[in-house]
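K.L.:
Single-letter residue listing:
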Amino acid sequence: MTPSEQKAIRIDLQIIADMIEPDTRLLDVGCGNGDLLDYLVHFKQVDGRGIEISTEGVRSCVNAGLSVIQGDADTDLETYPDQAFDYVVLSQTLQTVTAPRVVLENMLRIGRRAIVSFPNFAYWRLRLYLALTGRMPVSKSLPYQWHNTPNIHLCTIKDFLATCDELGFVVERSVALNKEGHVRRIRSSPFLSNLLGVQAVFMLKK
Amino acid sequence: MSGPTGGKSGENSTISLPGHQAQLGVQAPLRLDSGAELSNFTVAYQTYGQLNADKSNAILVCHALTGDQFIAESHPMTGKPGWWEIMVGPGKPLDTDRYFIICVNIIGGCMGTIGPKEINPANGKPWALDFPVITVGDMVRAQTLLLDQLEIEQLFCVVGGSMGGMQVLEWAAKYPERVFSAVPIATTAKHSAQNIAFHEVGRQAIMADPDWCDGQYLSFGKVPSRGLSIARMAAHITYLSDMALLRKFGRRLQDRDSVSYGFDADFQVESYLRHQGSTFVDRFDANSYLYITRAMDYFDLVSEYNGVLANAFKDTKTRFCVFSFTSDWLYPTEESRLIVRALNAVAANVSFVEIDSDAGHDAFLVDEPEFEKLLAGFLEGAAEHRGLPRVVKQ
Chain G
14 MTPSEQKAIR IDLQIIADMI EPDTRLLDVG CGNGDLLDYL VHFKQVDGRG IEISTEGVRS
74 CVNAGLSVIQ GDADTDLETY PDQAFDYVVL SQTLQTVTAP RVVLENMLRI GRRAIVSFPN
134 FAYWRLRLYL ALTGRMPVSK SLPYQWHNTP NIHLCTIKDF LATCDELGFV VERSVALNKE
194 GHVRRIRSSP FLSNLLGVQA VFMLKK
Chain D
517 MSGPTGGKSG ENSTISLPGH QAQLGVQAPL RLDSGAELSN FTVAYQTYGQ LNADKSNAIL
577 VCHALTGDQF IAESHPMTGK PGWWEIMVGP GKPLDTDRYF IICVNIIGGC MGTIGPKEIN
637 PANGKPWALD FPVITVGDMV RAQTLLLDQL EIEQLFCVVG GSMGGMQVLE WAAKYPERVF
697 SAVPIATTAK HSAQNIAFHE VGRQAIMADP DWCDGQYLSF GKVPSRGLSI ARMAAHITYL
757 SDMALLRKFG RRLQDRDSVS YGFDADFQVE SYLRHQGSTF VDRFDANSYL YITRAMDYFD
817 LVSEYNGVLA NAFKDTKTRF CVFSFTSDWL YPTEESRLIV RALNAVAANV SFVEIDSDAG
877 HDAFLVDEPE FEKLLAGFLE GAAEHRGLPR VVKQ
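Each protein sequence line maps, in turn, to chains G and D.
For what it's worth, the numbering used here labels the leading residue of the first sequence as 14, then goes sequentially.
For what it's worth, the numbering used here labels the leading residue of the second sequence as 517, then goes sequentially.
Since the hints were made in silico from the structure, they are not lab data.
Please read all numbers here as calculations on a predicted model, not as lab measurements.
The beta carbon of each residue, even a glycine, is placed where N, CA and C say it ideally should be.
Do not take every clue at face value.
[As the list claims (entries may be wrong)] To give an idea of the interface, some chain G residues facing chain D are shown, with a C-beta separation under 8 Å as derived from the structure:
| id | residue |
| --- | --- |
| 1 | Ser80 |
| 2 | Gln83 |
| 3 | Tyr93 |
| 4 | Pro94 |
| 5 | Ala97 |
| 6 | Leu121 |
| 7 | Val184 |
Make a model of the complete structure from these sequences and hints.
P.N.:
Next comes the structure, spelled out in structure tokens:
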């Protein structure tokens, strides 16, 4: 019995969690304070590992009995062997890494499937914000100023699809979440998804 | 600066020690890495808590260079608190209400286990330099014999800092099926040139003391106190950090208002080091210091596995938690990262935390609440996976 058993997880994490088959091996890159890992370990009996850059995050994970190392997606993924995991998850972290393409390639080298979630920079409110105010958008999902943001590689759903194409990745599942957390399948309406989606979740394979 | 080790022969000094003793290598001798063999030898160990019915709650604590088996009780020779009382006890991270804690004085040591100050049955004199050179691998092999005797098939956890951490790595590499979880703390997979260099200073200090008598000091009723205390002073500096020394002593003067224009201990830091040195010789054997530092210098798990540390942990099922400390310059965080990368390379189950501390290498021995909490958290998670109940069931 852990305290987490009553705790609800963030909506995008729940969507990711629902994509995961039970009894699988999973690496959560940028696992934060371990909410997703904790959920998956307890509810889906997943053999889960994490990498987290922040000391506070690692502390709270290890305290919760999760297997997490203090590390960095840009440098530490290199050290993992090929196809060691069923899933490699990167939730809300892609935009913060130095070399997103390398990270994505590493994810599908290490894991059979990669699950990636990120804020969609083409969300209409962000477009409008930039168009009307002439300043870098600041929103609930992008709460930083241009000078203190960790988000150095923001992209749109359309950008991401193009990159997957270039890398030869197969998009197995893709959903966009609107402001209310409602889910839209990107494949059935890519244009609307890119306009109305606050964030997106992709499941990729090679 | 006379030490109780001085006049006593090995046997006399061990009889009064609390704790347990085991006779090992009785059926078959323990073959050492050097090729020498030890047969029918004594190993002293101490335990805390109770072993459960299926013998699944045992934690082996591996002690460091100058540590011993008295983790959680007053030291029988110095009267000081046990070296890990912060960690071991009821309700503490190594909870004696839940786990059975074992700590074995390493072979080559001087607290009841066979070592250079004990009596060599071949001639009735202390072993001194006739004692075979030992390795970290030998220490661990001797511990496996003890566990065989205690009929403990698998340890719930092997934990240790510094040289204790080397033993943890050795355990995990050589006996993975006997180690459910492993916690190497402030350690390294191979002794660096700098590590060896500091040890060599210590050894040379001991051997330069005329009272060392080519290692035969016990037979002459002498103790190389000056050499051993200088070795300890030099080593002690490596266990602290610049910041810790600054915080503790700065440039403050010892019992005086101005410098003496002489070579007394003007500064508090000098007085402190001298005290560290002189109290050390009261409880530690100089030859043991030579043997154990040598064992650490020889430790190189990387080259043992053909330059690829990951090979040491291939197919491991052990759950690891690696700890390092920001101000530890003896075994800096980068050494721990190498271990973590090797474990990642075999997709092992590993956690790694670098603890923010200015206490230097000794941070694992002092009160670091963050570290204590994390170790407790890791053990809790591992215990859950192992299915250990919260309180020992007999």
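K.L.:
For this structure, which hints from the list above don't hold up?
P.N.:
6, 7
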